[in-house]
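In order, the protein sequence lines correspond to chains A and B. The working numbering puts the first residue of the first sequence at 1149, with every later residue one more than the last. The working numbering puts the first residue of the second sequence at 151, with every later residue one more than the last.
Honestly, the hints are just simulated from the structure, not real lab data. Note that the structure is predicted; figures quoted are calculated from it, not measured. Certain hints may be false.
[Unchecked claim] What the simulated footprint calls covered on chain A by chain B, stretch by stretch (three residues with Cβ under 8 Å from a Cβ of chain B suffice, anywhere in the stretch; the number is not a length): (1) 1151-1161; (2) 1202-1215; (3) 1271-1279.
[Stated by the list, open to error] Only pairs whose alpha carbons sit at most 27 Å apart, straight line, appear in this in silico DSS-like list of lysine-lysine: (4) B/513 with A/1242; (5) B/593 with B/301; (6) B/301 with A/1253; (7) B/680 with A/1242; (8) B/652 with A/1236; (9) B/301 with A/1257; (10) B/297 with A/1253; (11) B/680 with B/652.
Every residue gets a Cβ at the ideal spot worked out from N, C-alpha and C, and that includes glycine.
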Amino acid sequence: MPTFVYMTRCDGCGHCVDICPSDIMHIDKVTRRAYNIEPNMCWECFSCVKACPHHAIDVRGYADFAPLGHSVRVHRDEEKGVIAWRIKFRNGEKDMDLLAPITTKPWGKHIPQLRDAAAPSQEMRNSQLLFNEPKYIRLDEGGLHTLESNGLKFKAGVYY
Amino acid sequence: MAYKTVVEDNIDVLVVGAGLGGTGAAWEARYWGQDKKIIIAEKANIDRSGAVAQGLYAINCYMGTRFGENNPEDHVRYARMDLMGMVREDLLFDMARHVDSAVHQFEEWGMPIMRNPKTGSYLREGRWQIMIHGESYKPLVAEAAKKSADKVYNRICVTHLLMDDSKANRVAGAVGFNVRTGDYHVFKSKTVIVGAGGASNIFKPRSVGEGAGRVWYAPWSSGSAYGLMIQAGAKMTQMENRIVLARFKDGYGPVGAYFLHLKTYTQNCNGEEYESKWFPALSEMVGKAYLDTEGQHLSHKPIPTCLRNHAFINEVNAGRGPIHMVTMEAFQDPHLEEIGWHNFLGMTVGQAVLWAATDVNPKFENPELTTSEPYVMGSHATGCGAWCSGPEDLSPPEYYWGYNRMTTVEGLFGAGDAVGGTPHAFSSGSFTEGRLAAKAACKYIDDGKAAGIRVSDEQIARRKQEIYKPMEHYKVYRNEITAGSVNPNYINPRQGLDRLQKLMDEYCAGVTVSYMTNEKLLHIGLKKLKIMEEDLEKVAAEDIHELLRAWELKHRHLTSESVMQHTLFRKETRWPGYYYRGDAMKLDDENWHVLTVSRRDPQTGEYTMEKAPCYHIVGKDD
Ligand SMILES: Cc1cc2nc3c(=O)[nH]c(=O)nc-3n(C[C@H](O)[C@H](O)[C@H](O)COP(=O)(O)OP(=O)(O)OC[C@H]3O[C@@H](n4cnc5c(N)ncnc54)[C@H](O)[C@@H]3O)c2cc1C
Ligand code: SF4
Ligand code: SF4
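With the rest of the complex left out, here is chain A (with noise of 0.2 Å):
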């Protein structure tokens, strides 16, 4: 497939649609329900699978290369900053749940809203340095990394 949908999960509510970076999933016009319509071009991101607010979007390996039986699951918090996956093996000998972090600090809180940063100087502007640095690349007070700060010299020309 690789994506389906189950039929009675879906409420055709779109978050999928909204979310492929590959633009196939799709609303089917007689069922009001998701379905994959282009399973060739789908990457198994899963990015769909996570945004599904039902559960109801699944994934079949790849039939030119996966057999069937298999599972893999995903349930992703972006509230409790984590990420939990169950996979099954088609024979049932393993059965593995994982979890993951994926954030360590309240969704987006921590990203400055620069047009309220200080304005940059002109010494800045003509600096080699961008936004926070290089208070961002050091501890200590040292400045960007020059060729000659490294001890270096510039070597146009020379070829080895």
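Following the hints, position chain B with the ligands against chain A.
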């Protein structure tokens, strides 16, 4: 077609494609241009678009100068060696001296970066790579870009750049269409930063049928960064330097953490180490400077990625495949086993799906590896892209025309895959390059360089007609046949893509020919590409979704032609393992220790090729 025309005027900085490069650009542009109008036009939804849509488990470019680990010049030497001498050292040094600040910023925003409990520094996977829990890498940087931009237009496929009608060779914005509504979008802008990403699916993939989407680089990486810039007449460099990756078979799961962190290794069907066997002969081919088989154990110079591919490919051709990754030892440690699985779940879920489907438990079975089809991109272990200006304090005159990361088209900048000669930037480096381009773009405007731009109504109308032509074509000819997809007057985008992949594979060194080509094959390939260009005028799109695929195909076609021209021009085998010129098997430093530069004339479609000096601004080992 009766689609609405939507015009966004008076833009200062237009970011086309907001992957890692584009988000970095939008974010930083706000700082240097607090009163400027910053607009993003993105083909998908910036929350999950581009190569990092699934997330990443490692940041592959981090110096750690703060922890006394590496300096920018170390990275230049490393990337130069990996690319067999061919890099833009000014751009590389520049990226490397800023990249740490991007990473520290990510951590401040909430990105979980693993730390080494002993040193307090970030946990390293290798000398340049640090480990993260990066499932939400893309939503996180998208959040930053959204905070900075005045407006984000999602689902706009940008098809062409707008050019200034009052001054030749100056950019004036971009046009495209909305993939949902079909509306025609016109962005009039003083500067454009292109971050529209590299190209997968130019070469025939190993997978077929339903699995054709399982490529290593995302199937939506349509080479638009190259297509847009080539079309506008920007000079390109290193387009022959396509990449082939060694990955887990079929799923294309990455091997970096496996090799570097889990300390797994490879062996042939007999359980033997095979790599070193191929190196003595290879060292004859590439010379001691790049592969010193005797001195390697002393110098500890990493072996270039392409040369390791060479050993892999030759071992398989000698009948000693499959090549296996020995995971059975490392996976006995439950902690390492978990990392092995997390590594996929964080960036290539398809590999986990595949192992679950085929009952491959790497704890008890060593999985197979493969070499991928080639990809064209500028930020991984390869450096395709536009010929850009470097920063004023580092660049020799040939590399410097005023504004950092500006292409040879005025006001047009690049970031990430778009910029040529800057391999090993990866995600963090691409984001950093976007930041650098944004600062330069703001300066370009402040210097008054964008004054007097004029975009004629004629140009806007002409592009509109061009964009929707595939749908018109479909409407006109569809009813000549009863049903189905076979029509004497058109091909559909999928049929076109299949043709492109077949000819690139067979004539330009894809997998089925063991990455081999020669002058004669390339000439045939170029001829076929030219004929295909005529057929692309007749590509037919049934609906807006197919129109998207049609334009992706056209961008892929432009990229392919550039790859073919460059491969023909460089008469040597510079990167054995990525591709071979059968008629010039040796690396030839005497004639080809140079960067290749091309320009496609936007009016005639003719190519001019030139050699540019490859300056080594960082010494050998000082
Ligand atoms: C499987 C995989 C694993 C990787 N592992 C790592 C890793 O571990 N660590 C690391 O640091 N790097 C890694 N990389 C590399 C990293 O992802 C890239 O170097 C980086 O994303 C390149 O950034 P970019 O901005 O140039 O392209 P992208 O991030 O691909 O962004 C391109 C953007 O342009 C948009 N676009 C394309 N065409 C158009 C158009 N016509 N109009 C409008 N918008 C358009 C796309 O939708 C996308 O948003 C990996 C990549 C892959 C695929
Ligand atoms: S997100 Fe889920 S419920 Fe909503 S349309 Fe998609 S499959 Fe259906
Ligand atoms: S897995 Fe990814 S590519 Fe496939 S349908 Fe879902 S979002 Fe789209």
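Hint by hint, work out which the structure violates, then give me just those numbers in ascending order. 1, 7, 8
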